[in-house]
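Enquirer: Produce the entire structure from the sequences given, and follow the hints as far as they go.
Residue numbers (our numbering), protein chains in the order written: chain H, 73 to 531; chain U, 13 to 77.
It should be emphasised that the hints constitute simulated quantities derived from the structure, not laboratory data.
Treat the hints with caution; some may be incorrect.
What the hints assert, rightly or not - Taking CB as the label site, the calculated pair distances span: (1) U:A45 with H:V94: 25 to 31 Å; (2) H:D517 with U:F43: 36 to 42 Å; (3) U:K59 with H:P128: 15 to 21 Å; (4) H:K425 with U:Q62: 26 to 32 Å; (5) H:Q521 with U:Q62: 24 to 30 Å.
As the list claims (entries may be wrong) - Which bits of chain U does chain H cover? Going by a derived footprint, with three or more residues having C-beta under 8 Å, they are: (6) 23 to 29; (7) 33 to 46; (8) 49 to 63.
Positions of the beta carbon are idealized from the N, C-alpha and C atoms, including for glycine.
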Amino acid sequence: MDNELSGLTVIFTEFYYWVTVVLMFLIHVGFCLYEVGCAREKHKLNTLMKNAMLIPMITLGFFFFGWWLYFAMQNGPGITGGLKEAPWSEPLSELMGPHMGGEPVNERLTAADTATWARLNGVFWAAFLLFSWTAGSILSGAVIERIRSGAFWLLAILVGCVTWVVDAAWGWSDSGWMVQVLGYHDAYASGVIHGLAGGSALAILIHLGPRLGRFRADGSPRVFPAHNVWLVAIGMFLIYTGFWGFYAACNVPIVDIDPADGRSFFSATTIYLTPTTLSGITVNFLMSLAGGLIVGYWVSSGDPFWTFQGGLGGIITASAGNDLYHPYQAFLLAILGVFCAYRLHYWVERKFKIDDAVGAVAIHGYCGSIGVIAAGFLLWGYPSSIYEGYAPITPWGQLAGAAIMFVGLGFIPCYLLAWLLKRAGVLRIPRAVELAGMDHVILADEAAQLEELASAERA
Amino acid sequence: MLSTGSVETWQGNPLELGPLYPFVGAEAIMFVASLIVFVAFLVWKFKWEQAKYDQQAKDLNDQGR
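Expert: Here you go:
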């Protein structure tokens, strides 16, 4: 910050991430609208509050320990090294508050720490936090109309503040062990957010069970029509809008990628510090959205729910390699991913009686995992990192990575916690309340208030 | 003069400014207080939700719904 160029670079980076955070807020707005639109009238207020209150729960958990986990866990620990020191990310750190970057008060911090992190720690933290909200919110839609909010928040804290953060440390950082050993590549988080959250949702759904009346005696599913298709549509458009911010937040906006021999070349990079361009990823984002919308519309014969979900699934499928794909590759991969996820969704639903109310496991879990694996074939042999000695991108590295995300850090931890909550009798609402609706008391009070008002007006 | 922070003037060298918030050094106390609120809210939520659903289920069953 002692000359104009370094000052502009730091303040531009700070402002860049701030903008991404504001844009990503729309993802949460979109998820809330979408879920409420999909829920039936008798459950809609509870559905809204369940997801809205995820915000403070995950925010506090991420402040207390999530941000530290991201840095500390990059070596496993125990795979490529021990716990990493990251004093700037600890909940007691002075760098978690407003700081001008001068000499640290805390002796565990260095002058280099404060100079580097004073203006970036907060916006990086916030960008990661918004990813955490998204991870939690993905679960929220799948479990509507029968989960207790307290149980859901605990599960969301597990995913938003622990499991997704650990998988990001492992596979979505420039020195994570999965990048080093497996050559794992997942530029825009197909696996680290969506694959993991989809696996988590599937595990919870197994213990939670289907909504009352979901399956006929012959095992075929009944349809629960969305109570407000406009909320669903606007919600999805807002999720798409927020996804722009998500893509931008996955990049580092300005890095000297060629500092050798006094040369300099400034570029945007991925989280792995490998070069990419905002221009390139913007085209790929739109082409994968187009592919997903087309196939979603096609396979569902124009059903709005699956068409919009298809658009989202298309982006998610291509995201792992959208830093490097040609737009045609992004488009065609989106088609493949959404087609497979759609088929898998109905197969799993009928075979295992899994009631995923919004198709979250399919669109996030299956599309994300397919995208991670596909990147292994399409980007086979590419270097995974700017650093020497890291494994290159391979199909087997990506396959292992997809399994770690979906099963290892997604399915298993949530399966265990949901099992505990079920055993404690605090996972699902009582049957009578489910039948009457989670809002039945509020709705009855509201009706009484309206009746009283009408009487007063007539008097 | 009483002062809660370490900033004495905005006229000096900015490179000498560190944390800007008041009560630097009391982070552990603030952390514990915030953590207590976080845990207490979750505990309250579980208890309140249990009582609410027990009562609602009882009322609905009494009504034959």
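Enquirer: Among all the numbered hints in the text so far, which are the ones the structure does not match?
Expert: none
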